[in-house]
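Line by line, the protein sequences give chains A and B.
The numbers in this note's numbering rise by one with no breaks, and the one at position 564 of the first sequence is 1037.
The numbers in this note's numbering rise by one with no breaks, and the one at position 62 of the second sequence is 67.
Hints are computed from structural coordinates only; laboratory data are not their basis.
Everything numeric in this text was worked out from a predicted model, so none of it was measured.
Positions of the beta carbon are idealized from the N, C-alpha and C atoms, including for glycine.
Please note: incorrect hints may appear among the correct ones.
[As the list claims (entries may be wrong)] Computed Cβ-Cβ distance ranges for the label pairs, DEER-style: (1) Arg959(A) with Val251(B): 52 to 60 Å; (2) Lys772(A) with Ser24(B): 57 to 65 Å; (3) Thr30(B) with Lys1069(A): 56 to 64 Å; (4) Lys1069(A) with Lys20(B): 55 to 63 Å; (5) Ser24(B) with Thr1049(A): 48 to 56 Å; (6) Thr30(B) with Asn849(A): 19 to 27 Å; (7) Arg793(A) with Asp148(B): 39 to 47 Å; (8) Gly86(B) with Glu1008(A): 43 to 51 Å; (9) Ala89(B) with Lys772(A): 34 to 42 Å; (10) Tyr864(A) with Thr30(B): 37 to 45 Å; (11) Gln1063(A) with Asp148(B): 41 to 49 Å.
[As the list claims (entries may be wrong)] Pairs of lysine-lysine residues, derived as DSS-like cross-links and limited to a Cα-Cα distance of at most 27 Å, are as follows: (12) Lys938(A) with Lys493(A); (13) Lys725(A) with Lys504(A); (14) Lys843(A) with Lys156(B); (15) Lys8(B) with Lys981(A); (16) Lys1001(A) with Lys726(A); (17) Lys575(A) with Lys491(A); (18) Lys20(B) with Lys843(A); (19) Lys1012(A) with Lys967(A); (20) Lys970(A) with Lys179(B); (21) Lys657(A) with Lys951(A); (22) Lys88(B) with Lys179(B); (23) Lys1001(A) with Lys1012(A); (24) Lys938(A) with Lys497(A); (25) Lys969(A) with Lys1012(A); (26) Lys777(A) with Lys504(A); (27) Lys970(A) with Lys88(B); (28) Lys493(A) with Lys475(A); (29) Lys493(A) with Lys725(A); (30) Lys1088(A) with Lys981(A); (31) Lys506(A) with Lys943(A); (32) Lys20(B) with Lys969(A); (33) Lys657(A) with Lys23(B); (34) Lys772(A) with Lys981(A); (35) Lys479(A) with Lys575(A); (36) Lys179(B) with Lys969(A); (37) Lys970(A) with Lys981(A); (38) Lys777(A) with Lys8(B); (39) Lys20(B) with Lys967(A); (40) Lys938(A) with Lys491(A).
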Amino acid sequence: MKLDSKIPSGPLGQKWDKHKFDLKLVSPANKRKFEVIVVGSGLAGSSAAATLAELGYSVKSFCYQDSPRRAHSIAAQGGINGAKNYQNDGDSVQRLFYDTIKGGDFRAREANVHRLAQTSVSIIDQCVAQGVPFAREYGGLLDNRSFGGAQVSRTFYARGQTGQQLLLGAYSALSRQIGLGTVKMYPRTEMLDLVVVDGHAKGIVVRDLVTGEVSSHAADAVVLATGGYGPVFYLSTNAIGCNVTATFRAFKKGAAFANPCYTQIHPTCIPVSGDHQSKLTLMSESLRNDGRVWVPKRKEDCSKSPSSIPDADRDYILERKYPSFGNLAPRDIASRAAKEACDEGRGVGPSGYGVYLDFAEAINRLGASKIRERYNNLFDMYERITGENAYQQPMRIYPAVHYTMGGLWVDYNLMSNLPGLFVLGEANFSDHGANRLGASALMQGLADGYFILPYTIGHYFASSKQARPKVDHAEFRKVEEEVSARTQRILAIKGKKAPRSFHRELGKLMWENCGMARSKQSLEANLKLIPELREEFWKNVNVTGEGSDLNQTLERAGRVADFLEFGELLSLDALTREESCGGHFRVEHQEEGECKRDDANFAHVAAWEFQGEGKAPLRHTEPLVYEEVHMSTRSYK
Amino acid sequence: MEKGMNLTLIVWRQKDAKSKGSFATYAARAVNPDMSFLEMLDVVNDDLIQRGEEPIAFDSDCREGICGSCSCVINGVPHGGQKATTACQLHMRMFKDGDTITIEPWRASAFPIVKDLVVDRSAFDRIIQAGGFVSVRTGGAPDGNAILVPKEDCDLAMDAAQCIGCGACVAACKNASAMLFVSAKVSHLGLLPQGQPERDRRVLNMVAQMDAEGFGSCTVTGSCEAVCPKEITLDNISRMNGDYAVAMVKGK
Ligand SMILES: Cc1cc2nc3c(=O)[nH]c(=O)nc-3n(C[C@H](O)[C@H](O)[C@H](O)COP(=O)(O)OP(=O)(O)OC[C@H]3O[C@@H](n4cnc5c(N)ncnc54)[C@H](O)[C@@H]3O)c2cc1C
Ligand code: SF4
Ligand code: FES
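Could you put together the complete structure from these sequences and hints?
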């Protein structure tokens, strides 16, 4: 397999403009003849489908929810970055670019990140024009806030619901095209496989989730914008349905999977309350502006009421360890500090896996009304979930899986190594390296969908000239049969355990052995235990009902089956990457508790190639060449 | 294990759109008060699967009150009656040991039942397709700050834009009217400068589609506002009625 990143030559700041000029075009009259499948209706998928249709392509859009508006992007809270420098505080494309590269611990592709920072500016304009109600100042100008990992205010927001408003903007653009008949929408439809004809991605096989019908769709190109794989850990801040199925099946059809071990754990989430738990809820990063993180100095104090513990007996862990960044240390660092305290037996709350996020001092200083104005919706949400009032007692928080930086490998055109397969948004690996900064995922999804793919896909059409097969092509028939057979196989097991129970067990293995701290030993344990669990799944899972109607147990079982394979790949990638960087922390590679990168041996992207069932996948590398940035050690002390 | 509450659930079961449905009774044992309502259903479902019975189908995805997927009527009230709370954010500490809870799908002819508690809300999507947008192509937008929006207008627009498209308003209304949902979008865009060029067409087209989908008329009972998890207010309906009247006059 050849991994050609196709990064254009020339100075960093001019690469994208030069490349856009060099890309071949499809004439307006010819665009209609090209059909594009877009799987996923989140920010990346909706923006891509709408824009391609506006350009004149024929588009089919798929999502598993009952409406494209419900894609997981809807849940994003904090904001979206844009290098507008409206605050006149020294921001620039260059600075956003550098912050993102540094935040990613120097494991992202320089040219992609620079392009992302450049496009960020147009994204804000586009969303405003659609009617996205970003927060405004009294004079009518756009307001900004600051976010982790940056020293400027470049984050645009719509209360605590930025993702919702951006997605509704993209959804409205998509809806307009559906109304015009240029996009055909397939909600409640799950992609179960990719179809590759003569080496090119030319279609998908899907299951209608209401009727159970399995069918094929052929196209000139397939775009996957299917989001991240956080729920491989079972509990995460992601929506219940987020899955790896689309990207993992594409992997099995030959698409390389890059850096699966780069996963992000967010420090401020509501702790687990019991085995019944189905997901974890994020408490926005913005709370760390006013909240102080602490645990008792002594184990004996952990069960005492927090107000009875005097200041002298409290350990403000982040302020102690990172005096210059304090409570605003980056996500990966803050998460590890919380884990460390709990592992020492100093965690709080019923499970012992929690630390306090205390607003008492801020309430004293600013008054409760100011705090209410800033965070009321979060305090309400916290109370609904925990039954506790955070104005009166500190919040309890604990890190949780939040985002996945790894994904299908793509070149500068966002095309995978399989020609005709494009991958956008959280589903690809390209821009965040080993750690993503806050407010950058929304930016990337929309950059990919509105402003990058619409240029690069035309070049593929204009240069590849690969005819679109019909859905009665033998390859489609074969894949349909495979998909149906797999469904039948799952239904026939009729074992003793619900799919959710396997999912929970896998999640425990992933969290314990491949979570915030990973070691050779824990990862090797996973490589042994996950295949055992998978074997048990295929003997003992119980999926009730049939395949010919709405069957949510079957849907879940299919996703869990893929996670059971993918979890192994993730652990293998983590084992092979013998360094610590960003969210990937190998206990063997640290310096006073901080990540110790190994640039001499690991300044590369690891992309895995499927070799067949039961065979070890093959690891390829794409070296990361920095033309402009100098790799340095991140320090937040 | 913790002791928890013992509850009786009376749940609407319906195999598919064509079948006739009926209520079935299930026991939910040892329910932890920290569970969300849907997590309680998850546990009941795991139990059903264990016994080889088909679990209760219900929609959910984000489970944090923002995607608008979850949709069940709990004890006669869409989303269960806690102020500004979706079913997925309702927690079991709101119930007492020994309670009997009735769980039904949204009931409205424009939202046909798909299975058990799952309904088809695609009518909402079609209403948005009819006009719930600003017609701007990607690219060519002016600078974000070139369009000034007074903070007050923006805040009001945002209040309306928060609608999650769940459909509880329709389920609560005795006429199954979709006015609250439609007016939220009409207001969101109508309050902003970006929405002005298409303001008349938008309201006319969206209302026409709403009627074509078979939603009932609005008799301002306010039951929609009472159950709306995003606190969308009746003011939006007045605003839309005003816009509609103006557009009709101009159209003539
Ligand atoms: C709680 C939370 C808060 C966040 N806050 C922020 C923030 O403030 N700022 C920020 O920048 N980022 C934030 N993020 C991250 C960001 O929201 C996501 O990374 C981003 O929205 C992903 O968008 P996407 O378009 O790639 O995928 P998604 O929005 O996840 O969409 C995936 C789509 O794919 C479809 N799909 C998936 N699998 C299949 C299949 N097999 N068949 C058919 N369809 C399928 C789904 O139906 C869906 O439409 C947050 C994330 C979480 C969880
Ligand atoms: S108006 Fe309220 S109840 Fe109706 S769809 Fe919107 S959020 Fe749901
Ligand atoms: S599941 Fe998303 S709002 Fe309830």
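Right, here's what the structure says about each hint:
For the hinted restraint 52 to 60 Å between Arg959(A) and Val251(B), the CB-CB distance of approximately 57 Å keeps it satisfied. Lys772(A) and Ser24(B) have their C-beta atoms about 58 Å apart, which keeps the hinted 57 to 65 Å range intact. Distance hint check: the CB atoms of Thr30(B) and Lys1069(A) are about 60 Å apart, consistent with the given range 56 to 64 Å. Our hint of 55 to 63 Å for Lys1069(A) and Lys20(B) holds, since their Cβ atoms are close to 58 Å apart.
A beta carbon spacing of about 53 Å between Ser24(B) and Thr1049(A) agrees with the range 48 to 56 Å that was offered as a hint. Our hint of 19 to 27 Å for Thr30(B) and Asn849(A) is violated, since their Cβ atoms are close to 40 Å apart. Taken as a hint, the range 39 to 47 Å holds for the pair Arg793(A) and Asp148(B), whose Cβ atoms sit roughly 45 Å apart. At roughly 46 Å, the beta carbons of Gly86(B) and Glu1008(A) sit within the given window of 43 to 51 Å.
Our hint of 34 to 42 Å for Ala89(B) and Lys772(A) holds, since their Cβ atoms are close to 40 Å apart. For Tyr864(A) paired with Thr30(B), a C-beta distance near 41 Å keeps the hint of 37 to 45 Å intact. For the pair Gln1063(A) and Asp148(B), the supplied restraint of 41 to 49 Å holds, since their beta-carbon distance comes to about 46 Å. Between Lys938(A) and Lys493(A), the direct Cα distance comes to roughly 20 Å. Compliance with the 27 Å bound is thereby established for this hinted pair.
Our distance criterion of 27 Å between C-alpha atoms is broken by Lys725(A) and Lys504(A), whose separation comes to about 31 Å. For the proposed pair Lys843(A) and Lys156(B), the alpha carbon gap of about 19 Å is at most 27 Å, so the pair holds. Between Lys8(B) and Lys981(A) the alpha-carbon distance is near 24 Å, which keeps this suggested pair within the 27 Å criterion. For the given pair, Lys1001(A) sits about 25 Å from Lys726(A) by alpha-carbon distance, which is consistent with the 27 Å threshold.
A C-alpha spacing of about 25 Å is found between Lys575(A) and Lys491(A), which places the hinted pair at or below 27 Å, so the restraint holds. Distance check on the hinted pair: Lys20(B) and Lys843(A) sit about 52 Å apart at the alpha-carbon level, beyond 27 Å; violated. About 8 Å separates the Cα atoms of Lys1012(A) and Lys967(A), which keeps this hinted pair within 27 Å; it holds. Between the alpha carbons of Lys970(A) and Lys179(B) the distance comes to roughly 42 Å, so the proposed pair goes past 27 Å and is violated.
Taking the CA atoms of Lys657(A) and Lys951(A), the gap is near 25 Å; set against the 27 Å cutoff, the hint holds. Between Lys88(B) and Lys179(B) the CA atoms are separated by roughly 20 Å; this keeps the pair inside 27 Å, and the hint holds. This hinted pair checks out: Lys1001(A) and Lys1012(A) have alpha carbons roughly 18 Å apart, not beyond 27 Å. For the given pair, Lys938(A) sits about 12 Å from Lys497(A) by alpha-carbon distance, which is consistent with the 27 Å threshold.
A distance of roughly 9 Å separates the Cα atoms of Lys969(A) and Lys1012(A); the hinted pair therefore holds under the 27 Å criterion. Of the pairs offered as hints, the one joining Lys777(A) and Lys504(A) is violated, with about 68 Å between alpha carbons and a cut-off of 27 Å exceeded. The straight-line distance between the Cα atoms of Lys970(A) and Lys88(B) is roughly 37 Å, outside the 27 Å bound, and the hint therefore fails. Between Lys493(A) and Lys475(A), the direct Cα distance comes to roughly 24 Å. Compliance with the 27 Å bound is thereby established for this hinted pair.
Distance restraint check for Lys493(A) and Lys725(A): the Cα-Cα separation of roughly 32 Å exceeds the 27 Å cut-off, and the hinted pair is therefore not satisfied. A hinted pair counts as satisfied when its Cα atoms are at most 27 Å apart, and Lys1088(A) with Lys981(A) qualifies at roughly 25 Å. Only pairs whose Cα atoms come within 27 Å are accepted, and Lys506(A) paired with Lys943(A) is accepted, the gap being roughly 14 Å. For the suggested pair Lys20(B) and Lys969(A), the alpha carbons sit about 24 Å apart, so the restraint of at most 27 Å is met.
Between Lys657(A) and Lys23(B) the alpha-carbon distance is near 26 Å, which keeps this suggested pair within the 27 Å criterion. With a CA separation close to 25 Å, the supplied pair Lys772(A) and Lys981(A) stays within the 27 Å bound. Taking the CA atoms of Lys479(A) and Lys575(A), the gap is near 23 Å; set against the 27 Å cutoff, the hint holds. For the hint linking Lys179(B) to Lys969(A), the alpha-carbon distance of about 44 Å lies beyond 27 Å, and the restraint is violated.
For the proposed pair Lys970(A) and Lys981(A), the alpha carbon gap of about 16 Å is at most 27 Å, so the pair holds. The hinted pair formed by Lys777(A) and Lys8(B) meets the criterion: a straight-line CA distance of about 24 Å does not exceed 27 Å. At most 27 Å may separate the alpha-carbon atoms for a hinted pair to count; Lys20(B) and Lys967(A) meet this at roughly 20 Å. Distance restraint check for Lys938(A) and Lys491(A): the Cα-Cα separation of roughly 24 Å lies within the 27 Å cut-off, and the hinted pair is therefore satisfied.
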